Structures are given as C-alpha cells and as structure tokens.
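Q: With these hints in hand, go ahead and build the complete structure from the sequences.
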Amino acid sequence: MSEVLTKTMARNIYYGGSLFFLLLFLGLTLHTEMKLPERDNRGAITEQVAHGKRLWEENNCIGCHTLLGEGAYFAPELGNVYTRFGNSTDVIKGFIKGRPADGIPNRRSMPQFNFTDDELEAIAQFLKYASEINTTKWPPNIQG
Amino acid sequence: MQYKSQSVAKPYFIAAIGLFIGQILFGLVMGLQYVWGDFLFPAIPFNVARMVHTNLLIVWLLFGFMGAAYYLIPEEAERELESPALAMLMFWIFLVAGALTVLGYLLVPYAGLAKLTFNSLLPTMGREFLEQPTITKIGIVIVALSFLYNVGMTVLKGRKTVVNLVLMTGLVGLAVMFLFSFYNPDNLVKDKFYWWWVVHLWVEGVWELILGAILAYVLIKTTGVDREVVEKWLYVIIAMTLITGIIGTGHHYFWIGTPEYWQWFGSVFSALEPIPFFMMTVFAFNMVNKRRREHPNKAAVLWALGTGVMAFLGAGVWGFLHTLAPVNYYTHGTQITAAHAHMSFYGAYVMIVLTIISYAMPLLRGRAAANSNKAQVVEMWSFWLMTISIVFLTLFLTAAGILQVYLQRVADVPLPFMVVQDKIVLFYWLREIAGLVFFIGLMIYVWSFFVKGEETKTA
Ligand code: HEC
Ligand code: HEM
Ligand code: HEM
Ligand SMILES: [Fe+2]
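Protein chains in written order, with this note's numbering: chain P, 1 to 144; chain R, 1 to 459.
To be clear, the hints were calculated from the coordinates, so they are not data collected in a lab.
Being a predicted model, the structure only gives us computed values, none of them experimental.
None of the hints are false.
Heads up, incomplete: computed chain R residues facing chain P, CB under 8 angstroms, no partners named:
| id | residue |
| --- | --- |
| 1 | R50 |
| 2 | E131 |
| 3 | L188 |
| 4 | W255 |
| 5 | F265 |
| 6 | T334 |
In silico lysine to any residue, SDA-like type, Cα no more than 25 angstroms apart, as pairs:
| id | chain 1 | residue 1 | chain 2 | residue 2 |
| --- | --- | --- | --- | --- |
| 7 | R | K115 | P | E119 |
| 8 | R | K115 | P | E47 |
| 9 | R | K221 | P | E3 |
| 10 | P | K35 | R | S267 |
| 11 | R | K160 | P | R11 |
| 12 | P | K7 | R | V288 |
| 13 | R | K190 | P | R39 |
| 14 | P | K137 | R | V419 |
| 15 | P | K93 | R | P109 |
Even for Gly, the Cβ is constructed at its ideal location relative to N, Cα and C.
A: Here it is in structure tokens:
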C-alpha cells in the first residue's frame, strides 16, 4: 500500500470512522423508533396477537416459511397470506387445521400441529396483524 | 508451536470439523426434501433439518474462532494462555450443550422443547438462526465470557500486537451483539429490526474483524512479510468494514415496516460493503507475491488466497447483486438470498477457519512446519472440490432464484409459490448433486489428516 498512508493514519481512520458511523447508526435507530408507530400497526397488538406470535415462534414456522421476506424459502410467504386468502382468518385456520399428520405423498408437507381453537385464532390474528404492517408495498403481488 | 498452552486449540479444531460433517449431512437431507417433499416426513420435518444445518454451522464456526484465538493469541502475546484448564472446561461445556441442543431439535417436537426449557419465562426461541432454547443461549454467554476473560487476560499481560487487538475487538463484539438475541418484543417490526443487530452486525461487522485478524496472522507467518505492512492493511480493511457495514444494516430495513429512508442509507452504504472484501483479496495476493520465504505449508497459503477470492465473490459480488432496494424488492426472500448465503458463509467464514486449521494443525500435531507433501496434495484436492462445488451450488440456486423471481413476482400472470417451485425443480436436483460433490470433498479433507508420508522440513 502506498507510503503516503501511514499505519497511524490508517488506525485513526479506523477509530474515527467506526465511531462516527456507529453514532450515526444509533441516531438513525432512535429516529426509526420515533417513526415506527406510524407504520408498524402496533395498535393491533392485542394479547391474542402476542399469543399468536409466541405460537408462531414456539412451532418454528419460520423454519419453512418467510415472514415479510425473512426466514426459510421452502414454503409460501406468510406476511400477506391473510390477503391472499381473501382477507379471511377462517381460511387460514382451516388450512392449518387441515394438514394431514403423515403429510401429502410426494408434496412438500406442513406438519399437523394439533392446535386448539383458541390457538388457531391467535395465530390467524397474528398473521392478520402482520399483513397490515406498512411494508412499502412489498411483496410485489399477491403471490408473495 | 512456541507455547505449550496453544495446544488447547487442537480439540476445538477437531470438534469444528466433526460438526461441519453433521452440518453438511443435514444440508443434503434438506436438498432432498426440496425435490421429494415428503422425504423423512414427519420424522424430520424440513424446519428441523434446517435448524440443525444452520445452528451446527454457527457452532462449528465459533469452535473454529475460539480455536484460532487459543492458538494465535499466546504466540502474539508472547506468553502462555491465562488458564488452559478453563479453556478445556469450556470446551466440554460448549460441546455438551451444543450436542444436547441438537438432540433436542431432533428428538422432541420444537414446541415441546420450548416447554421443557421454560421458553415462556424469557421467550427467545423460534427466530431464524436464534432457535436455541433460552437456556442454551445463556450457556453460550457464559462460555463466551470465560473465553473472553481467558484470552483477554493473556492479551493484557502480554505483548499487544495489532492482530491481537483486532481479534479481541471482533470477539468482544461477537459476544456483545449476541446479547440482542435476548430482546424479543411482541412488536414484529422491532423484533426484526434488532434481530439484524445479531445477524448482520455479526457477518458484515465484527466477524469481519476476526476474519481480517486471522488472515493477517497466517499471512505474516507464511510469507514473512514485515508486520508493519500487514498491520497497515489490516487497519484499512477493518476501517472500511465498519464504515460501510454498520449503516449497511439498512439493506435489511427496506420492507419490514421501517421508514422508507432506509432504502437510501441501506442501498448506498451496502453497495460499498464489497470494498473491504476486495481489499482482502488484494492484500492476500500482495503479501504472497512479496513473500520473503517459501513456507513449506503450501496448502495453508492456498486456503488463505482462496478465502480472499471466495469471500469477495460470495459476499461482495453476490451481495451486491441483490442489495440495491429496487432489485431487492424482487429478490427479497428468494433462492437468490440462499445462493448468496451459501457462497458468502463458505467463502468468508468456513474458509478462514479451514485456513487457520491448515496452518496450525500440523504444528499442533508436532510436525516441524507442515504436513507431508502427499497429505498436502490430498488437502488441496479437497480445497478444489469443496470450492468448485459451492460455486456450482451457488450458480444453480441463482438460476432457480432468477426463474422464481420472474415467474412469481414479475410475469404478467404471477404464479403461486408452490407452482413455481415445481417448475424449477431441475435446479434443485443440480444443487443436490453439487452438494454431494461438496460432501465428497469434505470426506477427502478429513482423509488428508490421516495421510502419512515424508515430512517437509522448515524453510
Ligand atoms: C415443515 C415445514 C413447515 C412448517 C414448520 C410450517 N409450514 Fe406452513 N406450509 C408448509 C408448506 C410446504 C406449505 C404449502 C402447502 C401446500 O401448498 O400444499 C405451507 C402452507 C402454509 C399456509 C398456506 C399458505 C398459502 O399461501 O397457501 C399457511 C397459512 C401456513 N403454512 C401456516 C403455517 C404456520 C402458522 C406454521 C407454524 C405454526 C407453519 N405453517 C409451519 C410447510 C411448513
Ligand atoms: C459449507 C457449506 C455450506 C454452508 C456454509 C451453508 C450455509 C447455509 C446457510 C447460511 C443457510 C441459511 C440460508 C438463508 O437463510 O438464507 C443454509 C440453508 C440451506 N442449505 Fe446450506 N450450507 C452449506 C452447504 C450446503 C449443502 C452441501 C447443501 C445441500 C445440498 C445445503 C442445503 C441447504 C438448504 C436446502 C438450505 C435451506 C434453504 C431454505 O431455507 O430454503 N447447504 N445453508
Ligand atoms: C461474509 C459476509 C456475508 C455473509 C456471511 C452474508 C450472509 C447472509 C445471509 C445468511 C443472509 C440471509 C439472511 C436471512 O436468512 O434472512 C444474507 C442476506 C443478505 N445479504 Fe449478506 N452476507 C454477507 C455479506 C454481504 C454483503 C457484503 C452484502 C452487500 C453487498 C450483502 C447483502 C445481503 C442482502 C441484501 C441480503 C438480504 C437478502 C434478502 O432480501 O432476502 N451480504 N446475507
Ligand atoms: Fe446484511
């Protein structure tokens, strides 16, 4: 590397640059936190929705599905499944409830989780809440 | 090997390779499930195989990083490790905790594991890469703290080289960022926002410091180039890493409910993230060209050069491919992401761990400087097989991804996810074949440790 740049200068760029952009990042984070209420649909987070999120986590749905584009790529995007299923939580519940325990021969299969009716409702409400987050028009279309 | 306590690195490296084999086996299982939907269902559902695949990856890379630190920190600090006994104790705790967690994934339904480990007390499970039970996460923190104490004291009481300081910064950063895995609010947007503080700020932040430090160490040792030169390079590389990578986190804040200005911050800064990776490549080749001696361990030099090139390809080129917001709008969460994930993780972190193992293991096993020529030739075969097959695996996933994006998101009549998956199955078959070749390469790699032959002498 050129002789113009000394090791001390390189070190100072490292410390100064990192510190500057770390602080900028923290500032942007603070600002984002202030702006989030306008976009993140927090008004819809009822106890039931929170319960739904826990069930979503404790059954590792993210291990097959994406949610808002993050997760696994083995099964359909679920951030907009509420709209894809015609704005119906009943269809979502019916789908989850209807999975055969032994899978579908030769088709990617989703487990039968044996949820109670309350649990099904909570998950469906959680997915409805997720679908109403302002994601800047993502996904591009209904297929996710 | 100059210090006796460096030898604690050896079990860490052996465990890393063992878990690596497990990781790839589960990758092959998932590859089959992509084409035979009901393969092993319901015994091992896809999500379980995926957790095992990705968690084993992270755990064995951590074993590799810790082994690297235990090996190189005493030598750089010019003193024995603070406590070799503590290092061995932590080795067994980490290994047993890791094994129990993986067994838990495989033997108990995930919801049962959550109950068994009292997830409701402090719910942290069920998020991608952070699936470990909360108790395992706490265990990881304890192991990390005693590890940091052990190597930290060694650095503090010894010679303070730039390599040691950068490595320590990276390792402390790794532990600190992991703490965000304990923050899991009900608000999905906030959950996702801080989840990236673990995942992105690891691989495109602090882990790059670890990568840079290990690479610098191996290059100093194998090329004999002046430390001053290497250290200057290292500073510039990690400066560029953090200057671009911290705000670059924004490339994950396009579509998850965060404000729209992140499209600008994320696109611009992450578009600059390839720079430090490119510099690593130039750095590695430059040092090797300027070498002042011929180190007999040719395999280690090959791994070091390979790390530079493949990290640049996987992270730099494949990262840039989908990092601009208008492109990411279409590619977000598709096989394109998976393609990039494979080549970047392999090129940067798998290869740097294999580099330090290649350099250190012969010394840990009492060789003068390197393995026999015969063993090195076998090792270099495995280098080429694994590297070329991951390139093909990435290319096949990229092809699958382009078709998926077109059919599902761009075409006049977008098709449903499952229909599209059926249409691109050919590429999933090809991916599985590439994966099998990778596995053969890995077996040859393991075999290279058992090849005898006349030892090459020190240069
Ligand atoms: C082992 C993988 C796997 C897991 C785990 C999984 N799913 Fe699925 N899921 C699938 C597959 C595969 C499909 C597509 C099924 C089909 O079309 O035949 C699917 C489809 C769906 C659909 C319908 C999507 C559509 O657009 O057709 C919903 C809703 C759904 N899953 C919800 C969930 C929820 C909620 C969980 C967690 C409790 C979950 N899934 C866990 C594999 C999985
Ligand atoms: C050293 C080599 C490998 C590394 C570093 C690696 C790494 C990873 C990572 C990081 C992910 C998560 C991807 C993401 O979330 O975007 C992943 C997922 C996956 N890997 Fe690998 N992997 C390797 C080898 C393999 C092999 C050989 C196969 C099989 C042929 C394979 C098959 C898969 C599959 C099917 C997934 C799941 C993708 C999905 O979510 O749909 N991997 N791997
Ligand atoms: C060694 C360094 C890197 C590693 C190990 C890595 C790994 C990964 C992984 C595993 C994911 C998938 C995360 C998930 O499952 O959701 C990902 C996503 C992503 N990476 Fe990287 N990455 C690296 C560097 C980079 C760089 C330098 C860039 C940009 C130039 C980049 C751009 C992206 C983008 C845009 C995504 C999001 C993809 C999506 O929208 O689905 N990465 N990376
Ligand atoms: Fe990133």
